[in-house]
Amino acid sequence: MLVIEQKPLDEMINDAVRTFPDECCGFLFGKEDSDSRTVIKIQVVDNAKEGDKRRRFMISAKDYLKAEQFADENNLQLMGVYHSHPNHPAIPSEHDRVAAQPYFSYIILSVMNNEFDHIRSWQLNQQQQFEEEKVLIQQLN
Amino acid sequence: MATVIIPTPLRKFANNTAKLTINAASIQDIVNDLSFNYPDLKRHLLDEQGKIRSFVNVFVGDDDIRDLQNENTAVKEDSVISIVPAIAGGNL
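Protein chains in written order, with my numbering: chain A, 1 to 141; chain B, 1001 to 1092.
Since the hints were derived computationally from the structure, they do not count as laboratory data. One or more of the hints may lead you astray.
30 Å max Cα-Cα, derived DSS-like pairs, lysine-lysine [unchecked claim]:
id: 1; chain 1: A; residue 1: K31; chain 2: B; residue 2: K1076
id: 2; chain 1: A; residue 1: K31; chain 2: A; residue 2: K134
id: 3; chain 1: B; residue 1: K1076; chain 2: A; residue 2: K66
id: 4; chain 1: B; residue 1: K1042; chain 2: A; residue 2: K31
id: 5; chain 1: A; residue 1: K62; chain 2: B; residue 2: K1019
id: 6; chain 1: B; residue 1: K1012; chain 2: A; residue 2: K41
Working from the sequences, and respecting the hints, build out all of it.
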């Protein structure tokens, strides 16, 4: 199960809507135990894909290295990546699958006509296929 | 010994280690060492032809080995080698 705190959720939604009709992307940081992981911080990253960004995203190697360093310095786990699917459902494409890494959670936000529609999260299984993770939004008092 | 930084998604294939030190003169030596000592890591690093996968980037310091001599890139005692997974995707 993937728990997402309200603040990082709001930040991901804002990024996805602000970036529409292009795809947004960023990193997920948090803590994990044996049966769940919790996203407590996100990092917005520039979509480095050259050309049409409405159907593709890419994160530069330098931004990836910065994210690993940030996790290390802040005693957090780098636990995945989020990106948006403008005017498409939050279902990973074959393009998402072939580039996906083991262990990481892949959050996808669907934005329809400039408005946030829904969020889902996916993880690769042993057969290199995506399996959906249950998402729980955690409201903090 | 050169220092090799293992990225978070691949650490579980390297005994949950973030940083390794390897005695090597080239990137090929490092790939050989990792493949021998961590067989589960090998399939995530190399394709069927034994070449570094297209979705895996290797940096020596700040330089991508694809801009240097690929697997033949020289490594020094104080080199820091980062394995960086390519992060990409998109709908359709």
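Now the hints, each set against the structure:
At most 30 Å may separate the alpha-carbon atoms for a hinted pair to count; K31/A and K1076/B exceed this at roughly 35 Å. Of the supplied pair hints, the one linking K31/A and K134/A holds, its CA atoms being roughly 16 Å apart against a limit of 30 Å. For the proposed pair K1076/B and K66/A, the alpha carbon gap of about 23 Å is at most 30 Å, so the pair holds. At most 30 Å may separate the alpha-carbon atoms for a hinted pair to count; K1042/B and K31/A meet this at roughly 27 Å.
With a C-alpha separation of about 18 Å, the suggested pair K62/A and K1019/B falls inside the 30 Å cut-off, and the hint holds. Proposed proximity of K1012/B and K41/A is supported: the alpha carbons are some 23 Å apart, at most 30 Å.
Hint 1 from the list above is the single one not met by this structure.
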